[in-house]
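Asker: Here's the letter readout for the chains.
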Amino acid sequence: MNIKVNGKIIEIFSGARVADVLRKYSTITWTQVQKGSKMVFDGCGHEVALDGELSEGAALVVKRVLRKEPRP
Amino acid sequence: MSRAQRQAIGLSLLLPLLLAGLACASLPPAPADTRIIIFHFNDVHGKIDNFAKVASIVERERRGGGDVYLFCAGDNFTGNPVIDQYQPPGEPMLVLLNRLGLDVMTPGNHEFDFGLDNLTRFTAQARFPMLSANIRAPRGVLPKLQPSLVLKTKDGVRIAVFGLIQTEAESGLPSTHPDRVRGLRFSEPLQEAMKFRKLRKGNHVFLALTHLGFDIDRVLAERMPQLDAIIGGHSHTRIDPAEMVNGVLIAQAGSDNRFLGRVELRIRGGRVVEKKGTLIDLKEWREEDPEIKAMIARFNQNPAFERVIAETPFALEGKDALGSLMTDAMRTIHGLDVAFQNEGGIRLRRLDEKITLKDVYTLDPFGNQVVEIAMTAEEIRGLIRDSFGKGNEIDLQVSGLSYTVRTESDLRIKEIDLRAPDGRPLPEGRTYKVGVSSYVASSYNFPHRDPGRALGSTTAEALIRFLESRPDFSIYRGIQRAFQDPPGRNDRY
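Quick mapping for you: the protein sequence lines, in order, are chains A and B.
Convert by adding 1393 to the 1-based position in the first sequence; the result is the number in the working numbering.
Convert by adding 675 to the 1-based position in the second sequence; the result is the number in the working numbering.
Derived by calculation from the structure, the hints in this document are not laboratory data.
Take the hints with a grain of salt, since some may be wrong.
Footprint (simulated), chain A over chain B, 3 or more residues, beta carbon under 8 angstroms [said to hold, decoys possible]: (1) 839–851; (2) 886–897; (3) 905–914; (4) 928–936.
Note that the Cβ used here is the ideal one computed from N, Cα and C, for glycine as well.
Working from the sequences, and respecting the hints, build out all of it.
Answerer: Okay, here's the thing in structure tokens:
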């Protein structure tokens, strides 16, 4: 099936999860997501979990998220 | 609100007749102003720990005397070995959902993971109805499954709900192994949904409880503006606040029991005049139901986890023996020609003679799915070439063939020799059903024309089934199927 990640089409096995698609998209991005410096959203801007199931044609957006630091 | 105050009316067999009747019937008068709260969760995948918090939130709202419901949008099973390996499988979920006072559930594709007999047992013992309009089950199978129902509040507000499960375009089946849904018939969910538009008439609130994924829920909302709200699952999407599409509220609560969804509907003059949905972050919630907390603690001490599932005549030691065992499991259980296992995914050096479930999940803890890819011999060489290049040493254990990577003195690959199990060269010019983990399928860079397909179970589950089948363990003494010539620095532990 084809999944779009940041506008790039990734062809991957059917039944792939979000984590599978990200690993195929970019190992660097995958590492950043694992470390929490980037997060994954669907095409409408909602956060999706890494074990989220995908359908043909789904779109994912991976982007850096600024986290609010707790006040000292 | 007590369960006795709620009346659920099943519409399964008499649906067309009832729909015709409802179309003519006048809507019963509704109270002047009613507020309905629907808590919902989805894709819990065996993560039961937060159910004590869920119970406290729902009970607190119920104690307030309002009209409070609890919905589940599917996929309770698979994802936590301690729960998945319970005997019978998934039993803790059934006990906890009953105890939580769940009002209605729609099955997800992972509800079938333990087989149809197990799900039939689950539905028979559930104290809540299961809704799915696009599943047809023969008599005696999934006894409480029905397409839709109407919940009635104590004030007479009628809430019509119908359920839907996702199907794959290719197979027309939910995303699970076809063997697990044999005997059931599935129809395309969006087409099936259109048959339920008439539920709008005769009911004050009209809801879809779906396991379709957010993208498909959006399409449903576009095509079915008669709906007040869609409470969904499958894509593990955290929708906070719930999104309005074509006037339909779409809610989904992420996954793994990290959030509890809360949809609030205000009914005035017989129709929904206000609707909103938010997520409660369970990490931030402190209060827990002590009784449910104690039940969860007991479930987490699953004695089955210590169960010995196989006894071998000698300890299996080293990546060649363990990798051969793991790939034999994948190949045998799924009827494949060849299977590969990356050495980085073999997380033990040794399995002692008495192998427990816990050992299996320590050896293979990642929850990777088995993926089948049709590959030529040349494509198999491409996979081995990529794996060898990761560290200039053997990286893939194998079943169904053996191979030798011949290298130059600088470790550049000169040749990859593939041999069938009888020692002859592997025939070229045909395709092989090759099994790999989802990790290898997605992170190794190798040419293959067939994108492949997940087979609906994990590599660990294949290993458990293989070990329980009592294979001949003697073949693993001194076994080696992957060679490097000249030998490399890999210590082959």
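Asker: Examine the segment 839–851 of chain B: at least three residues should have C-beta closer than 8 angstroms to a C-beta of chain A.
Answerer: Check passed, 5 qualifying residues.
Asker: Do three or more residues of the segment 905–914 of chain B come closer than 8 angstroms to chain A, measuring C-beta to C-beta?
Answerer: This one holds; 6 residues, not fewer than the three required, reach chain A with a Cβ under 8 angstroms.
Asker: Taking beta carbons only, do three or more residues of the segment 928–936 of chain B come closer than 8 angstroms to chain A?
Answerer: holds (count 3)
Asker: Taking a Cβ-Cβ distance under 8 angstroms as contact, does the segment 886–897 of chain B have three or more residues in contact with chain A?
Answerer: The restraint on the segment 886–897 of chain B holds, since 5 of its residues have a Cβ under 8 angstroms from chain A and three suffice.
When the structure is compared with the earlier hints, no violation turns up for any of them.
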